[in-house]
Structures are given as C-alpha cells and as structure tokens.
Amino acid sequence: MRRIEPPESLAEEIRGRLAAMSERDELEMLREAVQAANNVVLITDPRLPDNPIIYVNRGFERLTGYARDEVLGRNCRFLQGRDTDQAALPALRAAIARGQGIRVELRNYRKDGAMFWNELHITPIWRAGSLVYFLGVQNDITLLKAAQAEQALMSQALEHANEAVIVTEAALERPGPRILYVNRAFSAMTGYAPEEVLGKTPRMFQGPRTSRAVLNRMRRRLGRGGVFQGETINYRKDGSPFILAWHVAPIRDALGSITHWVSTQRDVTERRLLERQALDISAREQQRIAGELHDALQQHLIGTALQAKALARTLASRNDDLAERAEALYGLVQAGVTSLRTVVQGMAPVQRSANGLMMALGGLATKVEELYGVPCSFVYEEPIYVNDFELATQLYYIAQEAVTNAAKHAKASAIGISLARTDGLVALTVQDDGCGFQPQVEAGLRRGIGLRLLDYRARLIGAQLELTSRRGEGTVVTCLFEVPS
1 MRRIEPPESL AEEIRGRLAA MSERDELEML REAVQAANNV VLITDPRLPD
51 NPIIYVNRGF ERLTGYARDE VLGRNCRFLQ GRDTDQAALP ALRAAIARGQ
101 GIRVELRNYR KDGAMFWNEL HITPIWRAGS LVYFLGVQND ITLLKAAQAE
151 QALMSQALEH ANEAVIVTEA ALERPGPRIL YVNRAFSAMT GYAPEEVLGK
201 TPRMFQGPRT SRAVLNRMRR RLGRGGVFQG ETINYRKDGS PFILAWHVAP
251 IRDALGSITH WVSTQRDVTE RRLLERQALD ISAREQQRIA GELHDALQQH
301 LIGTALQAKA LARTLASRND DLAERAEALY GLVQAGVTSL RTVVQGMAPV
351 QRSANGLMMA LGGLATKVEE LYGVPCSFVY EEPIYVNDFE LATQLYYIAQ
401 EAVTNAAKHA KASAIGISLA RTDGLVALTV QDDGCGFQPQ VEAGLRRGIG
451 LRLLDYRARL IGAQLELTSR RGEGTVVTCL FEVPS
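Take 1 as the starting number for the sequence shown in this note's numbering and just add one per residue.
Among the hints, erroneous ones may be present.
[What the hints assert, rightly or not] Label-pair distances were calculated between CB atoms; the ranges are:
| no. | residue 1 | residue 2 | range |
| --- | --- | --- | --- |
| 1 | Met204 | Gln151 | 53 to 63 Å |
| 2 | Arg203 | Trp126 | 35 to 45 Å |
| 3 | Trp126 | Ala87 | 20 to 30 Å |
| 4 | Tyr385 | Gly207 | 19 to 29 Å |
| 5 | Gln299 | Lys411 | 39 to 49 Å |
| 6 | Asp112 | Met154 | 22 to 32 Å |
| 7 | Arg77 | Met154 | 31 to 41 Å |
| 8 | His260 | Lys411 | 38 to 48 Å |
| 9 | Gly99 | Ala152 | 49 to 59 Å |
| 10 | Thr468 | Gly336 | 36 to 46 Å |
It should be emphasised that the hints constitute simulated quantities derived from the structure, not laboratory data. Yeah, the Cβ is synthetic: ideal placement off N, Cα and C, and Gly gets one too.
Start from the sequences and build out the full structure, keeping to the hints where you can.
This is how it looks when you write it as structure tokens:
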C-alpha cells in the first residue's frame, strides 16, 4: 500500500504540539493509551526483590480476572499452574536473569482456575545502562492453539486415511487449481511424492483416455459451487492408467466464499474389472440360454404346433368332434411360441452388429406401446453405429429402465427415445411428460433402486448420466458416451 504523507503544514503543527506537551502530559497520554489497549500489558521491576509487578492495564484485568490491587507486588508465577509448560520456564527465567527479551507460549490460569494459552513477549527497558523495567505484552491464544491442535489431529487422520485426499486452491482457470496438500494414500495410489505434485495442477494426472465428458461435467458442477462425484481414467507416475473414482467438495470461509477444493479419491480399477467380468459372464450366459431356447425349445414348440394343426385338419376332414380341440391345442402352442420369442428377445435384445443398438431401441419403442399403451417414439438425426456389443447392450438396458419407469410409474402420456451427437459424444436420451419427481441429488447419489441401477450401468461403460426432473414437468434421462473408433 502506498504511504500517504501528511501536508507539511499539518506535520509541522503536530511536531509543535508534541514539543509544547509537558513530560507529564505525554506520560498521561501514553498511560491512557496503554490502559485502553486490547493487549495485556504489565510491567515488573527487576530492581526490587523477586521482580514484582508494578503495573497492569485493564486488558490484564479482563483476561485474568484479577483486579490490579490483587496483583501489584506479586511475581508473575501466581499465573502458573501444574500444567504450565516446564520446557518454556527455564528459557524464560534465563532471559530475565540476563536482562534479555524473549517470546514464549505457556499455559496460564485465570482467577477462576480456567486455563488459557498465553503468548508472552518480554522486553527489557534500560536507562543509563541499567535495567529498570521489564515490559510484558500478553495475548490470549487459546483459540489459536485449539485450532492448531485440531488441525494437527485432522492432518494425522488424513495421513492415515485409506482413501487418497487432495486439497487444491479454489481457482479453476488455468494454471490453477494448484495442489496444496496430498496425503500418503494419494502418493501410494499415484506413485508421486508430495513434493512432486505440490504447486501443480491435477491435470498432470490426465491422459489420452481421460474422459472429457466427465471433466466437463465436473467443471460445470464446481463452477456452480456444487459437489461433484464421478469416475474417469487417470495415469500414475509410471504412465499406467487406472480408473479413478473421486468426490470433490468446496471448502468455504465464514462469508460463504469458496477458498479450497477437497477431493477424496479411490483406485477402483480392479473392482470395475471384476464387475465388468461378472456382467460379461452374465451376458454370455443369457446369450447361451437364449440360443438354446431359440434353437431347441422354440423349434420343438413350432414342430408341436405344426403337428397339432395337421391333426386338426385330419380330424376336420373326418367330421370328428375332436377337431375343434385339436385346433385349440394348435392355438395354445402358437401362443407359447410367441411368448418364448418375447422371452428370448428380452434375454438378447441387441444383435451383434454395428446397427444392433438402433434396431433394439426401435424395437423397444414398439414394445412399450404394445405393453403399456403409451405412445413411444425412437428418433435419430443420423445413424449411430456401435460395434462394441457390451456397450450397446448396457445402453439398451439404460434406455429400457428409463422407459419402463416412465410408463409404469411416471404416468406418462408420451415417451421419446433419441440418439444424437453432441460435443464429440453421443447422447442417448429418454424423455417423458409424466408426473416427474424431485431427484434430490446430493453428492452424486440418487434415490431409488431404478436410478441407482442406471448409475451403475453408466459407470460400467464409462458413460456420464444426467437426470433432470421436476414434479409435474416430466423427466429427462441423458446418457453421454463415447463411441470407440
């Protein structure tokens, strides 16, 4: 801050007033100033036996609870107690014995027995080469020490936590946010020592497979001061990728302004691999069962139906009364074939082809109209080909779950399914005009088993799930995903 000098005329007037002031007036001004000070001020006289207190201000009385008349002539030891730091006392006594200044922190006690932390500054006052007084200025730092103890406790807890913790500054724009703290678990997870990452940005852990969709969603959430939770691929110091699940929340000051971001992180690579393997095994088993039902049972039922039809014709040619029963038997078997086809289609809804997802979504729209009587459409601006069979299957199940919720629970009168490209990604969207609900999204967690299942399936394929809904205004479920080249 630039120093502003007073006009020379004003400075001259002040110097004149000080020169005209008597020593007594000057001392009276200083005494009043010291009395009114918020700091605790006391003066001792080392020339008298036991260096007694000869002056205290009102700040001393407020802090300690002792009136001035109760302390004059006493040594400051009466403020000490059993818990007074013994390590600080020898240095304090030695400094006083040598007539030197010192700063110490020690526990002292008020008149009512309450302990407080005292930051004590001792300054010797010399006159004509002789030590005449000790000036003591004290500050109550009890709250500061408590905060420091709490901070030390939290730091130890974070250092021993199993989850990686990272704290950054609040600035989101480049080159920020700078990393201010990481714990041991973070170093173990990434391979970076703290000194290698402090002052740098978390972007250093990103790479070619890091999802831009997830990063953009995080940026939007944090930019609004919200909480973010998501998964993407990050990279260790040795260059190896891992699936990161992380939660980012703001730290705010007393005025509500964001001062830092704190993130807890986990390496979920093995867990997601096991989940995908389990899901893949389940999908393959469903495919196998569907194949057996289609190739064996369905063919058997078709053959049985043909035999029943032939029998009905034979009996009808003989005017046999059993012809009607044979015809009814044919109808029952045909209904069984239709039901079996529906079951087989549900177990293997997506064909192993590039346009398998689009065909499956079109079939889903038709089936919804047939089952629930709700108009359902599937639209797209251009063909979206998905060669990854697992990706296509999970996307279909996400759409199926969203459509089923809309038809069965939201009381929708119209449902729309769409595929469209947006910002280098593909958006699978299911929108309805139903009753809607309050998602009550908090820290990325959504209520309801159906919505949790949508989240789960989206995580398995590295997709980004967004849900917007308001009571009486319908629901929009959007799944943003990358199509492998």
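Okay, which hints does this one fail, numbers in order?
-> 1, 2, 9
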